[in-house]
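Asks: Chain order of the listed sequences is A and B. Using my numbering, the first residue of the first sequence is number 1, and each one after it goes up by one. Using my numbering, the first residue of the second sequence is number 1, and each one after it goes up by one.
Just so you know, the hints here were simulated from the structure itself, not pulled from any lab data. Wrong hints could be hidden among the right ones.
Okay, the calculated beta carbon distance ranges per label pair [claimed, not checked]:
#1 A:Cys114 <-> B:Arg12: 48 to 56 angstroms
#2 A:Ala144 <-> B:Arg104: 49 to 57 angstroms
#3 A:Asp103 <-> B:Ala40: 27 to 35 angstroms
In the SDA-like style, the derived pairs of lysine to any residue whose C-alpha atoms are separated by at most 25 angstroms in a straight line are [claimed, not checked]:
#4 A:Lys63 <-> B:Gly120
#5 A:Lys63 <-> B:His57
#6 A:Lys32 <-> B:Ala24
#7 B:Lys72 <-> B:Ala22
#8 A:Lys63 <-> B:Gly35
#9 A:Lys63 <-> A:Arg31
#10 A:Lys63 <-> B:Glu23
#11 A:Lys63 <-> B:Gln36
#12 A:Lys63 <-> B:Arg98
#13 A:Lys63 <-> A:Arg122
#14 A:Lys63 <-> B:Asp29
#15 A:Lys63 <-> B:Arg69
#16 A:Lys63 <-> B:Ala24
Using N, Cα and C, we set each Cβ at its ideal position, and we do this for glycine too.
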Amino acid sequence: MAQSPADTRDSAGWTEEVLPTRLTAIRESERKVLARLAALGYGEDHCFAVRLAFEEALINAMKHGNRMDPSRQVRLAYRVSPERVEIYVADEGAGFRPDCVPDPTVDENLQRPCGRGVMLMRSYMDEVNYSANGTEVRMVKYRANPVRGFPKSGRRC
Amino acid sequence: MMKDNIIHAMDRDGVTVARIRAEAILNEDQVQAFGQALLALADVPGRRVILNFLGVHHLSSLALGELIRLHKRLAESGGELCLADIDPRIWEIFAITRLDRLFRIFDREEEAVAVLLGEGRAET
Chain A
1 MAQSPADTRD SAGWTEEVLP TRLTAIRESE RKVLARLAAL GYGEDHCFAV
51 RLAFEEALIN AMKHGNRMDP SRQVRLAYRV SPERVEIYVA DEGAGFRPDC
101 VPDPTVDENL QRPCGRGVML MRSYMDEVNY SANGTEVRMV KYRANPVRGF
151 PKSGRRC
Chain B
1 MMKDNIIHAM DRDGVTVARI RAEAILNEDQ VQAFGQALLA LADVPGRRVI
51 LNFLGVHHLS SLALGELIRL HKRLAESGGE LCLADIDPRI WEIFAITRLD
101 RLFRIFDREE EAVAVLLGEG RAET
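Can you build the whole structure from these sequences, using the hints too?
Replies: So, in structure tokens, the structure goes:
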């Protein structure tokens, strides 16, 4: 059987990809990450959390980072082990200060249609760390840690 | 080929019940289709809409943005957007973002219909 691109992992288990700045390009990478989780028997709750955070991080990188400029790219790396899921996303934009993103939950911002992606990433992943200039984000979800909003069903994704 | 509409809307005595026919509203294609379908619901000024989320299991912040746009459009024309039948995991997203304070959320579509119809009668 031919080796799929999903199996091109380095010796440390990382898979690296360079994506064009096109939102439809996210889907194939997402499918591969989720397939890796499923293969390791991760539960539905962790798959939900990782899928959401993955989407949000890449959408942010393309829309807000690269400003949908097709000449810019997004670097993606991910590693799924039996214990944790690690995702790294880097854009080629001007960067931003995550701590300066307006709080979308306060009354004056509640009706703003944007600005909730980072909050959702922080809510569903155990670690979300940005580089100093805000162009790179690293997220980790540990298998041992529960996902908020999920009863303990034990169902697999 | 004509795409199936992501939302199926029907009138129930002056209240529009709109059922979402998608498992996920995450990526660009899905959100774009969702946004266009929602925009069509705001065509009628003063419309009262119940958006039924039964079967929706994934939702991104882009989709939340589309819901907020519809809420504002309907409110500006004297209408209203209510949400119903939300999966507990999706409900958690509304709770985290505190959008449960912005939207009127009902457990079930039938409950929302009964309340809105009752309010409609009370106003006449």
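Asks: Work down the list of hints and note, for each, if the structure agrees.
Replies: Outcome of the hint check:
1. Between A:Cys114 and B:Arg12 the C-beta distance comes to about 33 angstroms, which lies outside the given range of 48 to 56 angstroms.
2. Between A:Ala144 and B:Arg104, the C-beta spacing of about 38 angstroms breaks the proposed range 49 to 57 angstroms.
3. Evaluation of the 27 to 35 angstroms hint for A:Asp103 and B:Ala40 yields a pass: the beta carbon distance comes to about 32 angstroms.
4. In summary, the hint linking A:Lys63 to B:Gly120 is not supported, as the alpha carbons are separated by about 42 angstroms, beyond the 25 angstroms threshold.
5. Using a Cα cut-off of 25 angstroms, the hinted pair A:Lys63 and B:His57 holds, with the two alpha carbons roughly 24 angstroms apart.
6. Using a Cα cut-off of 25 angstroms, the hinted pair A:Lys32 and B:Ala24 holds, with the two alpha carbons roughly 17 angstroms apart.
7. Pair hint B:Lys72 plus B:Ala22 holds up; C-alpha atoms about 23 angstroms apart against a cutoff of 25 angstroms.
8. At roughly 17 angstroms between alpha-carbon atoms, A:Lys63 and B:Gly35 fall within 25 angstroms of each other, so this suggested pair holds.
9. The suggested pairing of A:Lys63 with A:Arg31 holds, with an alpha-carbon distance near 20 angstroms, which does not exceed 25 angstroms.
10. Distance restraint check for A:Lys63 and B:Glu23: the Cα-Cα separation of roughly 24 angstroms lies within the 25 angstroms cut-off, and the hinted pair is therefore satisfied.
11. Simply put, A:Lys63 and B:Gln36 have alpha-carbon atoms about 19 angstroms apart, close enough for the 25 angstroms limit, and the pair holds.
12. Proximity of A:Lys63 to B:Arg98 is assessed by CA-CA distance (about 23 angstroms); at most 25 angstroms being required, the pair is judged to hold.
13. Of the supplied pair hints, the one linking A:Lys63 and A:Arg122 holds, its CA atoms being roughly 19 angstroms apart against a limit of 25 angstroms.
14. The hinted pair formed by A:Lys63 and B:Asp29 meets the criterion: a straight-line CA distance of about 15 angstroms does not exceed 25 angstroms.
15. Taking the CA atoms of A:Lys63 and B:Arg69, the gap is about 18 angstroms. The hint holds against a cut of 25 angstroms.
16. For the hint linking A:Lys63 to B:Ala24, the alpha-carbon distance of about 20 angstroms falls within 25 angstroms, and the restraint holds.
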